[in-house]
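Residue numbers (our numbering), protein chains in the order written: chain A, 1 to 254; chain B, 1 to 601.
Just so you know, the hints here were simulated from the structure itself, not pulled from any lab data. If you're wondering where the values come from, they're calculated on a predicted model, not measured in any experiment. Some hints could be false.
[Stated by the list, open to error] Computed cross-link-like contacts, SDA-like style, restricted to lysine to any residue with a CA-CA straight-line distance of at most 20 Å:
no.	chain 1	residue 1	chain 2	residue 2
1	B	547	B	488
2	B	154	A	109
3	B	348	A	137
4	A	144	B	355
5	A	119	B	150
6	B	301	B	291
7	B	324	B	486
8	A	121	B	105
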Amino acid sequence: MGGTEVTMRVWRGDSTGGAFQEYRLPVEEGWVVLDVIHAIQATQANDLAVRWNCKAGKCGSCSAEINGKPRLMCMTRMSSFPAGEPITVAPMKTFPVIRDLVTDVSFNYQKAKTIPPFKPKPKEADGTRRMFQEDIDRVQEFHKCIECFLCQNVCHVIRDHEENKEHFAGPRFFIRLAALEMHPLDTEDRTALIKEQAGLGFCNITKCCTEVCPEHIHITDNGIIPLKERVVDNYYDPVLRLLRRLKGKSASHS
Amino acid sequence: MATAERYETHEYDVIVVGAGGAGLRAAIEASAQGVKTALICKSLLGKAHTVMAEGGIAAALGNVYPEDNWKVHFRDTMRGGKLLNNWRMAQIHAQEAPDRVLELEEWGALFDRTKDGLILQRDFGGHRYARLAHVGDRTGLEMIRTLQHHAVHKGIDVYMECTIQRLLKDGGRVCGAFGYWRESGRFIVFKSKAVVLATGGVGKAWKITSNSWEYTGDGIALGLDAGADLIDMEMVQFHPTGMVWPPSVRGILVTEGVRGDGGTLKNSEGKRFMFNYIPEFFKAETAETEEEADAWYEDKKNNRRTPDLLPRDEVARAINAEVKAGRGSPHGGVFLDIASRRPAEYIKRRLPSMYHQFMELAGVDITKEPMEVGPTCHYIMGGLRVDADSTATTVPGLFAAGEVAAGLHGANRLGGNSLSDLLVFGRRAGLYAAQYAKSFEGTLSVDNDQIEAHAQELLAPFNGKGSENPYSIHADLQECMQNLVGIIRTEAELKRALDEIARLKERLARVSVQGHRQYNPGWHLALDLHNLLAVSEACTLSALERKESRGGHTRDDYPKPDPQLAKVNIVIRKRNGALTLAREPLPEMPEDLKKLVEEQH
Chain A
1 MGGTEVTMRV WRGDSTGGAF QEYRLPVEEG WVVLDVIHAI QATQANDLAV
51 RWNCKAGKCG SCSAEINGKP RLMCMTRMSS FPAGEPITVA PMKTFPVIRD
101 LVTDVSFNYQ KAKTIPPFKP KPKEADGTRR MFQEDIDRVQ EFHKCIECFL
151 CQNVCHVIRD HEENKEHFAG PRFFIRLAAL EMHPLDTEDR TALIKEQAGL
201 GFCNITKCCT EVCPEHIHIT DNGIIPLKER VVDNYYDPVL RLLRRLKGKS
251 ASHS
Chain B
1 MATAERYETH EYDVIVVGAG GAGLRAAIEA SAQGVKTALI CKSLLGKAHT
51 VMAEGGIAAA LGNVYPEDNW KVHFRDTMRG GKLLNNWRMA QIHAQEAPDR
101 VLELEEWGAL FDRTKDGLIL QRDFGGHRYA RLAHVGDRTG LEMIRTLQHH
151 AVHKGIDVYM ECTIQRLLKD GGRVCGAFGY WRESGRFIVF KSKAVVLATG
201 GVGKAWKITS NSWEYTGDGI ALGLDAGADL IDMEMVQFHP TGMVWPPSVR
251 GILVTEGVRG DGGTLKNSEG KRFMFNYIPE FFKAETAETE EEADAWYEDK
301 KNNRRTPDLL PRDEVARAIN AEVKAGRGSP HGGVFLDIAS RRPAEYIKRR
351 LPSMYHQFME LAGVDITKEP MEVGPTCHYI MGGLRVDADS TATTVPGLFA
401 AGEVAAGLHG ANRLGGNSLS DLLVFGRRAG LYAAQYAKSF EGTLSVDNDQ
451 IEAHAQELLA PFNGKGSENP YSIHADLQEC MQNLVGIIRT EAELKRALDE
501 IARLKERLAR VSVQGHRQYN PGWHLALDLH NLLAVSEACT LSALERKESR
551 GGHTRDDYPK PDPQLAKVNI VIRKRNGALT LAREPLPEMP EDLKKLVEEQ
601 H
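Chain B with its partners taken away, still in its complex shape (with noise of 0.2 Å):
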């Protein structure tokens, strides 16, 4: 029987997967552009990670400080990201990101708001001025919404609870996709010009993160599988503030907001303890007194920012050590304390779901008491290697945006960037994989025996003789990853993981589910092992090959930066079922950027 026949099959010009901000307003331009548009989700639409964003956008509208412009913003970014982004790509960022915030007032979002009415910007770490376009610390629901409800009149196709496993390819190029049905467990063929990847990060390789089930690095590992370039893969970033107590709960973000709007991190000596972790590189622009550190809220002008408001590497770092220097807080993190800094009437304001998260989840009154906090794996900034302008990855036909994608971000992503990034490069994925479509030339044809092979793979586990449960295997690389590619690292360590890996490896081959195909989260979790696997695997073999320390990269016997790979990607590809590493130079930044990163605060 011809596979035509056999499996459900749709035939696009552009295909996105995933429905997250990036994916959505790609599938959004791509329809603007003319061509049939599907946008294929894991969850229902609008449940996607972005969803949980909290704090804002990051955008130089210079709405509350008329002095911020795209320079200023473009600056912060590769500063945050210890200059080892993509500077291509954090021009096109800073530059276009205020546009993207516009429009999406265009089409309906209400953000809060100036006295003098316009789009109101609250501080974040690592940017000179207060520049996130915000609602309360619910901004990522504002943005999904408003691209969902702008979406649904745009005559794009939308399969939901629709899980793409496979890439398809015709020779070189990227021709469509194959995946199944959550709902029924039947396989689905896309046939398409075109394919953009939007799935997000890889945070649940790791036991204690934010991320949702979703994160599972799906299109890190289909665009690997595919031939595509990896790059930066050793830089995570750990958020210092995820909630600590109770365990059910550790992990869940707390935003950054909350030192934005004033909160401060203190020790269990009642110390702000941030004045003692200023690195050389920020000493510059960072306050070494409290009273600047306060009075920077208010004033930028004369003061410098506080050292609450470093770039998240930093702060992560910092809390990690005082922990181990026996000076956390009782379930091992440390205070975030704004109840005692702002009236409780701002709090609430200000941070809504924070209070109502802390007072539901914790018991815990933030107006009343400081909040305990560590570190909780948030985000990669490694990912698919792209063309900056295009976000075309190395692959014809494969383009991918947002956290997927690497290069914006560098070493370090600051807050407030990604949800511009999604905005930003969503819309040129859209824009170009509907050029790449348009101007694609013969037929699109999909290989029958390739599918088959698929098809097989994804049904193995229930012809699994193994009894190996895919819940352990998760919880146990969870562990791995937590324990030896967390946030401090070791060249030790990091084989030991890879041995894991390796093992995990071994035993995702005995793996074998219960039941039927229908609605099946254990079978669903066993395919998504494999993207697990394969990203932790890439990240583990990055993270040694880096021997120094930068942004969200430490090692402890590298502990400095060394100037030499300050110049390169770690670069990953797969070739021949194995993965290969390579040091590759870093795009050459023009001289006048130059300078702009130079300037001193």
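Isolated chain A (complex conformation) (with noise of 0.2 Å):
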């Protein structure tokens, strides 16, 4: 499709306001929705906001709204668009706009300040940390994940209810807590958090955040619902949660 002409539907405004603006431009082969947006900055609008770093799917700054999808603008080819239709490209929703496609994150980066901290047990008796593999597999899933955000976009918990976002951590942090838990090295105990502070409740496993993970994290099934187990036998199983403690926790438990 080396040259063929697109319609771009690109939102631009601020947090007054704003609007669908278009732009017509030729593509060449191989271009995702991310060279289109630089190719408008560079040729027609030059102060276009949009945040980008690697453009290799691997640091989850480029998120956007894409025909209504939240995706990374990276990882999205123009080829899979039917040709001859606009692309609207729109900032993610759930967050408040700063200018064009760039939006306020930093409710993220609050929520991540609540979280405590990795709390490892001692070391073995010859110094060392023996983890093995099948242990730290699930929770190496997690590890993948590269903070795009489009989970916490497309939660209806908080993207149609701004009041929800103080109650309410969001499958990033799920996920992130699922990670510390199932730490096979971590000793602390944040199911409190996990039912209280973090919200977890207000989840009602829909799966859109497993939807648009780029990473392809199984958030729903492998996190979230193993941490709603958790919280319900901690809270009504006394005998499992002694047992957990004396235990100290494995990826096998849950």
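Since each chain comes alone in its own frame, lean on the hints to assemble the complex.
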């Protein structure tokens, strides 16, 4: 499709309001949406605001809503759209707009601060840390998170309810909490936080977060549901709670 | 009106500019020393270029090969750098890297494991033993996230999307920094007893690069403008394997881990051409037959390393030569084949993001077909000259760590030595900057006239009467550096590059940007171009001066190494607004270390 003309409808504006603006330009073979945005910047609108860093799906900076779907602009190929139809690019809806495609995602950085840090158990007698691959596989899946915040953006608990933001950490931080809770070396107990301040109960497992995750993390099945079970165990099954305390945590639990 | 009232002003003991691995580690250490610390970064926290590092962190843990130790790592690093390295930095790095990796584990990092439950280590170019601690092929993500999560609870003030544009000086010493918030365009002043630069590299001066937009040479230019020495600016690493097709992804990194895990380079005739490019310097330690090379992966005692894993400078030149000789792949690269050599499941487990990247961006299934790869500008070995132990630059109060600093890697960096560099020297920068701040006497004062002058300079693009577009100037600079200051250089081309850089500087004076100051990428680029042009000029001048070929610097007109130039750094300084060049002797290596380096395999 070298040199084909496309029509892009890019949202431009700031916190006081804005509108879609149309740009027509030729696209080259293999282009992704971010290439088109860069081309608009270079040739038609030098001041078009967009966040990006790696352009390889590794940093999670260029999140946007493309034809209404939350995606990374750098990993969305132009060839995946039907020819001739305009493509819309809008900022993430859940976060306040700063300018054009850039939103204020500080909500996420504030939530990150509320999570109690990793607290490892003592080292082995020989001074090493021994963990087995099968015990860390699941936690490594959670560590793949690139913090694009698309899962936060799509989560209806906060997407449509600004008032919930204070009491709800969101899928990204459930995954972070799950990673800590299932870390074989960690000794901190975060279940009260998960239940209360992080608001896990708000989630009714519609799996919207899992669907948009560019890293294909099974956020709901492998993270949120086991966390919910853990909260139930901890709050309603004192025997299990005591057992886990004694044995320390392991990924095999829950 | 006093400046303090005009601009948002903060006061710290230590400010760290840049929040990749080195900056984060420096801030953590400074804060642990009990001084008031700020971390300032151009992007959101956790998005710095470290996040893109793939293959691993080099550290002689000895988990896979107990024979490995710091001496072997030191030797490999020095030889990989063609002995232009600062020996003391290479020694400290090799000795301290294992502790820094284990420390990450204490902070929650989860590296892939050996069967015994220890940190697994993988083979990489130029390393005698499997040495790279890793997490599949997303090691940088694990590292930056671990540091980020650890830092969050350490009382460090973080200024995100805040770009530092000038260092402030009080007489001879650095006393702060001046910059702007990207979000609002408003200016911000930092008064600080010590400043750590951890701003990374310069890759965005080249057209084909693995680097992100942030890599505009900020720290190098800030240091240079503040009077600091630069060394080895001619030493630029072209990573041998970047993607080449489609054009929009050209340059995106393909990890050396593909070769570390058994992948091999082939030309259009299906030949493993690296056997034809084994230099004399590495002959004794490199396999001569395919059988020996393949056996080496499993048995390192009885076999020598595959030439596919020669240091990056050697492999990049070889690929360049194959393509020039007409034996390249359809899109101007060569083939990198792991599909025919390892099972699909193994490839997906070891190289998940490579699998994903090729599938999504190029429609290539790397478990079934070879990749097409070619050299991409990846790293600069040169940068700010620092004291090996303390990371102090030649300007009092100014420290530097990570890619922005020079010396550790000499003329060529080994893969995996960057992440360990960030941790080892990031920690030291934080430690010594904190010590400097603690021993600081007198009052911290900034000069309001200095600040006002900087503010006017930064606003100039809005008042510009010219019609130059910053994006066009950037594109032309990238074209110039790519074509004239690339892998293979000649005097005539380097001189043409200098002329072009001078013209681009004139054009930059006529730059004009649209819109207002709020989150305006055109304006940001116009300001970054000052740095890009400064580092490009320094690189080109140094490249002209080094009339030999060594490591990342290859001169077609001087194809051999020159024993005299082996003993000197090319030093660049800015004096009265102009760059000056000097050749200065390398620090002399002690005899016992010399023996280590000369040891044959």
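Quick rundown of the hints versus the structure:
1. Straight-line distance between C-alpha atoms of residue 547 of chain B and residue 488 of chain B comes to about 13 Å, which keeps the hinted pair within the 20 Å bound.
2. Distance check on the hinted pair: residue 154 of chain B and residue 109 of chain A sit about 14 Å apart at the alpha-carbon level, within 20 Å; holds.
3. For the hint linking residue 348 of chain B to residue 137 of chain A, the alpha-carbon distance of about 14 Å falls within 20 Å, and the restraint holds.
4. For the hint linking residue 144 of chain A to residue 355 of chain B, the alpha-carbon distance of about 15 Å falls within 20 Å, and the restraint holds.
5. Under the criterion of a C-alpha separation no larger than 20 Å, the hint pairing residue 119 of chain A with residue 150 of chain B is consistent with the structure, at around 11 Å.
6. At roughly 15 Å between alpha-carbon atoms, residue 301 of chain B and residue 291 of chain B fall within 20 Å of each other, so this suggested pair holds.
7. A threshold of 20 Å between alpha carbons decides the hint, and for residue 324 of chain B with residue 486 of chain B the separation of about 14 Å falls inside it, so the pair holds.
8. Only pairs whose Cα atoms come within 20 Å are accepted, and residue 121 of chain A paired with residue 105 of chain B is accepted, the gap being roughly 12 Å.
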